[in-house]
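The listed protein sequences correspond, in order, to chains A and B.
If you use our numbering, the first sequence corresponds to residues 1 to 396, in order.
If you use our numbering, the second sequence corresponds to residues 1 to 75, in order.
Hints in this document: simulated from the structure, not taken from any laboratory.
Note that the coordinates shown come from a computational prediction; the quantities given were computed from them, not determined experimentally.
Do not rely on the hints blindly, as some may be mistaken.
[Unchecked claim] Below, computed lysine to aspartate or glutamate pairings styled on EDC-like, alpha-carbon distance capped at 16 angstroms:
{"id": "1", "chain 1": "A", "residue 1": "K27", "chain 2": "A", "residue 2": "E348"}
{"id": "2", "chain 1": "A", "residue 1": "K316", "chain 2": "A", "residue 2": "D248"}
{"id": "3", "chain 1": "A", "residue 1": "K344", "chain 2": "B", "residue 2": "E27"}
{"id": "4", "chain 1": "A", "residue 1": "K341", "chain 2": "B", "residue 2": "D32"}
{"id": "5", "chain 1": "B", "residue 1": "K45", "chain 2": "A", "residue 2": "D128"}
{"id": "6", "chain 1": "B", "residue 1": "K45", "chain 2": "A", "residue 2": "E56"}
{"id": "7", "chain 1": "B", "residue 1": "K45", "chain 2": "A", "residue 2": "D58"}
{"id": "8", "chain 1": "A", "residue 1": "K125", "chain 2": "A", "residue 2": "E40"}
{"id": "9", "chain 1": "B", "residue 1": "K36", "chain 2": "A", "residue 2": "D248"}
{"id": "10", "chain 1": "A", "residue 1": "K125", "chain 2": "A", "residue 2": "D156"}
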Amino acid sequence: MSKSSIRISLSSACYCLLGTTATANTKPWFVDLGIMNYIEQDRNTGIELIVNGKRELDDGDAISLQFDFDVITGATPNGASASNVTQSFTMASGSNSYRVNANELPADNTHMDTRMAFSLSYDSKVNDNLQLNYSSHISMEFDYLSLGAGVEFLQDFNQHTTTLLTGINIEYNRVHPVGGIPLPFTSMQPPGTLQPRGEASTTRRQSGVHLGLNQIINKNSLMQIKYAWSNASGYLSDPYKLLSIIDDQNNLQLGSTLDYVYENRPDQRYIQNIYSAYKLYIKGDVLDLSYRYYFQPHLRFYHQTAANFYQHSLNKSIPIPDYASSDFRLAKFNAYTVGFKYGKSYQENSEQSIGIEYYTQIGDSHPDTAIGLQKEQDLFPTLRTLILTWNYSYNW
Amino acid sequence: MYKKTIRVISSLLLTINLISCSNTNIEPWQRDILSKKEMQFNSNKIISTMDSHFYYSKEASSGGQGFSGGGCGCN
């Protein structure tokens, strides 16, 4: 009924700086443009575009408006297990189907999703030591709507060497999947037939709190640690995810797939995570008066435990549980990110950077619970992703 | 679940306590490096937003940056 995960993220940075010392900022307008392109091996490709405009006010406050647009297309895992025979799946619309070759990860290669979001934030400087950040967003997909708001307090201590931060946030989401909400654990039906669907739409809510600390360690390094807890409730299943029903009785085809059913997740979920970051300045020299650059390596390690309702598949002879999902994102795995960011600034009012990162997610490909033919299949294929980012900032 | 939560919070409080006890004496004129934009946490909101959205869509925990759901139906 609950899900907890521990996130430990480490980042380090070293910088090589060339250039002049920045003068006092008398230019209150900022525009940032960013693009991210990530390419998953044999799965999805995503492009995200963000434009952010910020205006600093005379009293130290700042207001900003941000626009996000992203597109994801490619093959997304549908939750079924790989099999030694070709598999056919009914699309969410119920009118067509797609096929997956034998011994390949079942993935919906007709998948395409677009999202558009607006967010508004206001940073209020209450006094020299206290700042309040208010934020809100609206995000829209063709099958999803999200509204959210939050506030964060940042209190400085010890002559600004220590910052305590805490905040709360709430979110309301409406899910209206293609074809309607599948009835839990009902069998997928052939295309063109009556599909086992219930309501056209439903809701999920999420609220959270976080507590953290920024600490200057010495004149070259600083660290941050954050703990966040949140509670999600409502419809938390993925309406497009299936589970394979595996034959565990017939010795002649032990481990073969007999059926596909729609998943069902608990309607309550608790999430907690710890985030830690460390920044270290390595070396800097003034060599040029017109520009400066920095080079920032980035390492990240992530570990999560499995949700207690995660199962890679269901066995035919065992009664259907109350909740089950084979979504890889709920499994136990480690993830690693390695990459760097290279930034360059010009004339103290514009800057651009590029980032290249490699992200990999490694889980248990051959779990002990696999039976018969399943032992020959990769039940958690390693995810390998190349992430490219570009950012341009202009200030006047 | 609750024992795990208590352990996590206890570890966090202990870390905060240890850090707070450290004698960090950095004078204002020694903070030129620390004041650089690239030395700030969350210095680039756009990159932070894109990173949070990416990791939220790939992993079960939601970012660790204080945002609740990431605003997308991808998880």
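Consistency of the hints with the structure:
no.	hint	verdict
1	A/K27 with A/E348	11 angstroms, holds
2	A/K316 with A/D248	6 angstroms, holds
3	A/K344 with B/E27	28 angstroms, violated
4	A/K341 with B/D32	21 angstroms, violated
5	B/K45 with A/D128	22 angstroms, violated
6	B/K45 with A/E56	15 angstroms, holds
7	B/K45 with A/D58	21 angstroms, violated
8	A/K125 with A/E40	41 angstroms, violated
9	B/K36 with A/D248	61 angstroms, violated
10	A/K125 with A/D156	12 angstroms, holds
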